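Given only the sequences and the hints, what does the whole structure look like? Please build it.
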Amino acid sequence: MDPSRAFVTNVKRLIVKVGTAVVTRGDGRLAVGRLGALCEQLKELNSQGYEIVLVTSGAVGIGLQRLRYRKLVNSSLAELQNAQFELDGKACAAVGQSSLMALYDTLFSQLDVTSSQYLVTDTEFRDTSFRKQLSETVKSLLSLKVIPIFNENDAVSTRRAPYEDSSGIFWDNDSLAGLLAMELKADLLVMLSDVEGLYSGPPSDPNSKLIHTYIKEKHQCEITFGDKSRLGRGGMTAKVNAAVCAAYAGIPSVITSGYATDSIIKVLQGKCVGTLFHRDAHLWTLVKELGVREMAVTARKCSRQLQAMNSEDRRKILLDIADALEANESLIKIENEADVTAAQNDGYEKSLISRLSLKPGKISSLAKSIRVLADMEDPIAQVLKRTELADGLILEKTSSPLGVLLVIFESRPDALVQIASLAIRSGNGLLLKGGKEAKRSNAILHKVITSAIPENIGEKLIGLVTSREDIPDLLKLDDVIDLVIPRGSNKLITQIKNSTKIPVLGHADGICHVYVDKSAKVDMAKQIVRDAKIDYPAACNAMETLLLHKDLSSNGLLNELVSDLQHEGVTVYGGPRASSLLNIPETHSFHHEYSSMACTIEIVDDVQAAINHIHQHGSSHTDCIITENHEVAETFLHGVDSAAVFHNASTRFCDGARFGLGAEVGISTSRIHARGPVGVEGLLTNRWILRGSGQVVNGDKGVIYTHKDLPLQTPL
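When the letters of the sequence shown are read in order and numbered with the working numbering, they come out as residues 3 to 718.
Don't read these hints as lab results, they were simulated from the structure. Fair warning: this is a prediction, and the values are worked out from it, not measured in the lab. All C-beta atoms, glycine included, are put in the ideal place defined by N, C-alpha and C. There's no promise every hint is true.
Mimicking BS3-like on lysine-lysine, the simulated pairs with C-alpha atoms at most 25 Å apart in a straight line are [unchecked claim]:
{"hint": "1", "residue 1": "K14", "residue 2": "K268"}
{"hint": "2", "residue 1": "K187", "residue 2": "K318"}
{"hint": "3", "residue 1": "K352", "residue 2": "K438"}
{"hint": "4", "residue 1": "K441", "residue 2": "K499"}
{"hint": "5", "residue 1": "K435", "residue 2": "K361"}
{"hint": "6", "residue 1": "K441", "residue 2": "K361"}
{"hint": "7", "residue 1": "K499", "residue 2": "K523"}
{"hint": "8", "residue 1": "K462", "residue 2": "K303"}
{"hint": "9", "residue 1": "K438", "residue 2": "K268"}
{"hint": "10", "residue 1": "K335", "residue 2": "K478"}
{"hint": "11", "residue 1": "K438", "residue 2": "K335"}
{"hint": "12", "residue 1": "K211", "residue 2": "K273"}
{"hint": "13", "residue 1": "K45", "residue 2": "K14"}
{"hint": "14", "residue 1": "K211", "residue 2": "K438"}
{"hint": "15", "residue 1": "K478", "residue 2": "K303"}
{"hint": "16", "residue 1": "K211", "residue 2": "K478"}
{"hint": "17", "residue 1": "K335", "residue 2": "K352"}
{"hint": "18", "residue 1": "K399", "residue 2": "K438"}
{"hint": "19", "residue 1": "K211", "residue 2": "K14"}
{"hint": "20", "residue 1": "K303", "residue 2": "K449"}
{"hint": "21", "residue 1": "K318", "residue 2": "K449"}
{"hint": "22", "residue 1": "K45", "residue 2": "K141"}
{"hint": "23", "residue 1": "K335", "residue 2": "K449"}
{"hint": "24", "residue 1": "K141", "residue 2": "K187"}
Between beta-carbon pairs, the in silico distance windows are [to be verified]:
{"hint": "25", "residue 1": "K220", "residue 2": "V34", "range": "32 to 42 Å"}
{"hint": "26", "residue 1": "S453", "residue 2": "S145", "range": "51 to 61 Å"}
{"hint": "27", "residue 1": "P204", "residue 2": "T389", "range": "56 to 66 Å"}
{"hint": "28", "residue 1": "P505", "residue 2": "V34", "range": "47 to 57 Å"}
Structure representation (structure tokens):
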């Protein structure tokens with residue numbers, strides 16, 4: 003359940019308002035399918051004990067359709083030639099109301115639900131006796147599980163136009179729904195529209211975004227409303243006005259899609275659908291914004307305490323974390339297995355479940371990696387260069403933590419351990435946001451790790467963000483977060499890059515190639531290709547495309563490699579040449595990351611063709627050549643512009659731990675800052691320290707610059 007929707011647990015009585023655009027189709031006819039789905043939802047909720055009042059529009063639109071037909075049937079040929087179908091709206095309402103109610107009665111009767119009809123006008127609500135009797139009658143009907151259906155009686159309404167009669171108690175069915183919510187003391191108002199909720203602009207505008215929680219102080223002046231309903235009077239403006247009035251009277255309101263078959267049920271399940279209106283929403287937003295900012299600010303403060311420690315004390319923190327992980331392995335395993343079971347029940351893909359699972363020996367492996375990291379040379383405040391600028395004026399270039407890292411990752415709970423240990427070793431504060439599918443695993447790992455951090459540093463050195471809705475707010479904090487590292491799908495990484503001013507380090511795809519040259523040794527080629535694909539197919543450094551020299555078809559190696567992969571259970575797809583030669587399905591795209599037991603195969607003319615293919619379809623991650631020709635190998639190694647390029651070695655070696663970095667926060671395909679597996683060094687920047695003895699610039703008068711390189715260590 004979304005935290006902002008927790009109020010639904012207390013909902014007993016709800017008002018459901020359905021708009022004209024939901025009740026009718028584009029041609030004005032009744033949308034029987036949508037109304038049937040609506041009635042089925044209300045039937046289910048009615049049987050669960052909810053008290054439901056329905057406010058419906060649509061009578062005018064339906065009446066208009068029927069009277070147009072009647073006008074057409076009763077017109078002479080001359081009248082048809084000069085047909086003017088200007089029909090009285092009140093007449094349309096009178097005709098349409100009977101048709102609309104007849105349909106509701108039929109649909110509810112089929113579901114064994116009784117409904118009742120109320121036609122009201124705004125003038126009736128001026129009478130306090132009427133309002134009292136209305137409440138009593140509705141209360142009586144609801145106690146019998148009858149669903150009252152309200153509609154404004156447009157046929158006899160004396161109001162001239164909506165929005166002009168300011169003295170009116172309500173001015174359309176939207177405001178009627180809001181009024182009834184207050185009059186009948188409802189717990190929730192749900193307004194069904196032809197769009198998913200309130201957008202920041204017209205829903206047809208691709209730049210418009212769905213607003214999940216409406217903040218009057220924020221959104222009132224920012225939103226641009228589109229056209230009103232095509233047949234009804236209200237449109238989104240009227241719905242917002244009604245929802246705001248109800249919300250500020252203490253009745254939460256939600257505008258959501260009436261086209262979905264389960265939108266009301268989802269609202270009552272606490273799911274984040276549609277736009278929520280709540281009188282306390284402005285407080286939630288402020289608390290949330292302060293919350294994530296406070297997390298980042300506190301992480302920076304704790305990181306400065308960490309940097310002030312001596313090297314041995316920082317090392318001991320990592321060793322304590324490694325011990326704590328091993329001591330709590332059984333508890334971690336229980337939580338992880340719960341996540342895996344939930345993911346399987348929810349129908350997640352096998353590749354995601356594979357990344358989610360902490361397989362036997364994984365905790366021990368992680369603890370070992372942390373100990374390796376602890377035993378590495380302290381990376382903080384290392385003097386990288388010393389220069390004498392002038393006599394007695396010494397400049398030092400030193401290593402320094404970046405500050406606060408925000409790492410957003412999917413599926414893999416082991417990533418949390420690696421990232422946290424690297425952040426501590428590099429002296430950085432850290433905010434972590436894992437995928438919901440690993441919620442329990444991440445929570446227990448975070449608890450175990452932070453419990454090993456001494457009190458003088460503070461466990462808030464590493465913050466765990468649990469709500470997905472916090473991500474947009476975090477990405478705005480470019481003044482307190484120094485680097486964002488997304489680990490996950492192409493979609494995730496692209497979205498983050500497009501949503502923040504904070505520098506982003508990562509790779510969008512892991513489309514890794516293995517090119518088998520004509521001089522490759524048969525056994526070596528088989529071994530490397532097999533390992534690159536099936537050792538861990540879900541990894542970003544797994545082979546996704548196998549490129550084969552054209553001459554391999556003549557010596558049989560091409561067929562052997564393909565046969566071996568298929569024997570291991572790998573589904574193979576071919577490019578135009580390979581699919582034709584090998585009689586395998588043709589791939590829909592070379593730029594595709596399978597992350598599973600599948601790969602693409604294509605035939606190329608030579609090493610240069612392989613390089614060109616990689617540059618055109620690859621992702622600059624990791625690419626490999628298998629060849630015994632030294633010249634061809636060097637051409638490939640220097641010609642392929644990827645973060646990692648290998649000769650006669652599996653792409654699976656592209657990993658921080660295997661590179662001796664201790665661990666990695668991810669693999670970067672960026673060309674600025676870090677590239678390839680990012681370990682401790684990739685989380686550091688530089689500082690300049692100048693030691694003088696009273697020197698001043700003064701227009702450079704009297705300063706004799708020497709710019710002489712000095713030893714990194716001052717001789718004893």
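How the hints compare with the structure:
no., hint, verdict
1, K14 with K268, "15 Å, holds"
2, K187 with K318, "61 Å, violated"
3, K352 with K438, "16 Å, holds"
4, K441 with K499, "24 Å, holds"
5, K435 with K361, "22 Å, holds"
6, K441 with K361, "17 Å, holds"
7, K499 with K523, "42 Å, violated"
8, K462 with K303, "9 Å, holds"
9, K438 with K268, "18 Å, holds"
10, K335 with K478, "35 Å, violated"
11, K438 with K335, "17 Å, holds"
12, K211 with K273, "18 Å, holds"
13, K45 with K14, "15 Å, holds"
14, K211 with K438, "23 Å, holds"
15, K478 with K303, "19 Å, holds"
16, K211 with K478, "17 Å, holds"
17, K335 with K352, "19 Å, holds"
18, K399 with K438, "42 Å, violated"
19, K211 with K14, "31 Å, violated"
20, K303 with K449, "20 Å, holds"
21, K318 with K449, "18 Å, holds"
22, K45 with K141, "18 Å, holds"
23, K335 with K449, "14 Å, holds"
24, K141 with K187, "11 Å, holds"
25, K220 with V34: 32 to 42 Å, "40 Å, holds"
26, S453 with S145: 51 to 61 Å, "54 Å, holds"
27, P204 with T389: 56 to 66 Å, "60 Å, holds"
28, P505 with V34: 47 to 57 Å, "54 Å, holds"
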